[in-house]
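**Student:** Take these sequences, add in the hints, and give me the full structure.
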Amino acid sequence: AQSVSQHNHHVILSEAASLELGCNYSYGGTVNLFWYVQYPGQHLQLLLKYFSGDPLVKGIKGFEAEFIKSKFSFNLRKPSVQWSDTAEYFCAAINQGGKLIFGQGTELSVKP
Amino acid sequence: DARVTQTPRHKVTEMGQEVTMRCQPILGHNTVFWYRQTMMQGLELLAYFRNRAPLDDSGMPKDRFSAEMPDATLATLKIQPSEPRDSAVYFCASGLMQGSTGELFFGEGSRLTVL
Chain A
47 AQSVSQHNHH VILSEAASLE LGCNYSYGGT VNLFWYVQYP GQHLQLLLKY FSGDPLVKGI
107 KGFEAEFIKS KFSFNLRKPS VQWSDTAEYF CAAINQGGKL IFGQGTELSV KP
Chain B
6 DARVTQTPRH KVTEMGQEVT MRCQPILGHN TVFWYRQTMM QGLELLAYFR NRAPLDDSGM
66 PKDRFSAEMP DATLATLKIQ PSEPRDSAVY FCASGLMQGS TGELFFGEGS RLTVL
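Taken in sequence, the protein lines are chains A and B. According to the working numbering, the residues represented by the first sequence are 47 to 158, in order. According to the working numbering, the residues represented by the second sequence are 6 to 120, in order.
Honestly, the hints are just simulated from the structure, not real lab data. As the structure is a computational prediction, the values presented were derived from the model and not from experiment. Where hints are given, some of them may not hold.
[As the list claims (entries may be wrong)] Facing chain B, from chain A, some residues (calculated, C-beta under 10 Å):
| no. | residue |
| --- | --- |
| 1 | GLN52 |
| 2 | HIS53 |
| 3 | THR76 |
| 4 | VAL77 |
| 5 | TYR82 |
| 6 | HIS89 |
| 7 | GLN91 |
| 8 | ALA139 |
| 9 | ASN141 |
| 10 | GLN142 |
| 11 | GLY151 |
| 12 | LYS157 |
The beta carbon of each residue, even a glycine, is placed where N, CA and C say it ideally should be.
**Tutor:** Next comes the structure, spelled out in structure tokens:
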């Protein structure tokens, strides 16, 4: 069955700490991958996406993600988080049929 | 600034009532998704459409939920009869998709509370 798993339910960091959020997917065939962010009370916004090419993808607000095909992973990273990064982060995968499925989400709390 | 528009933003209703949520996708987008977000289940895919045709609605409880796209500018999600467990935020998203490539844009969501 197609699925997306996010390892961490809730992550708490201090400002300036480095961030890595795990994401693994289970999909047959070609898959494209996304990370979305949802700030409190708001809708989802795209952080970055991977379709092909360089497996290290740079997104907005200093985020990046690395696609490792052999590990079925697409982890999100940021070298130094800010209080304003407090939000929920969703990994998502879409297959050739166009079905986009999200992981359970990781809530990030950044302490000032 | 193009955006996905959802109505109503908030809805409180009583169990057994019919609820209809509407979504206006971004003009020119060919794919529309409906998701339901709850604390317990996260973001669940309910249904999605490509060029107005339903591609997959396996995530939707068929006995009470229905999703349609009467035209390219309107997608609807209907619950009849509604139950307290349907309380959630329902998101619509649209995108110009070709196979698996493309980007989805999300609406602000419709927060439904069923008493």
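**Student:** The structure should be examined with respect to each hint, and the outcome stated for every one.
**Tutor:** Each hint tested on the structure:
1. GLN52: Holds, about 9 Å.
2. HIS53: 14 Å, violated
3. THR76: 7 Å, holds
4. VAL77: 7 Å, holds
5. TYR82: Status holds, d = 8 Å.
6. HIS89: 4 Å, holds
7. GLN91: 7 Å, holds
8. ALA139: At about 9 Å, which falls below the 10 Å cut-off, the nearest Cβ of chain B leaves the hint on A/ALA139 intact, so it holds.
9. ASN141: 6 Å, holds
10. GLN142: 5 Å, holds
11. GLY151: 5 Å, holds
12. LYS157: 22 Å, violated
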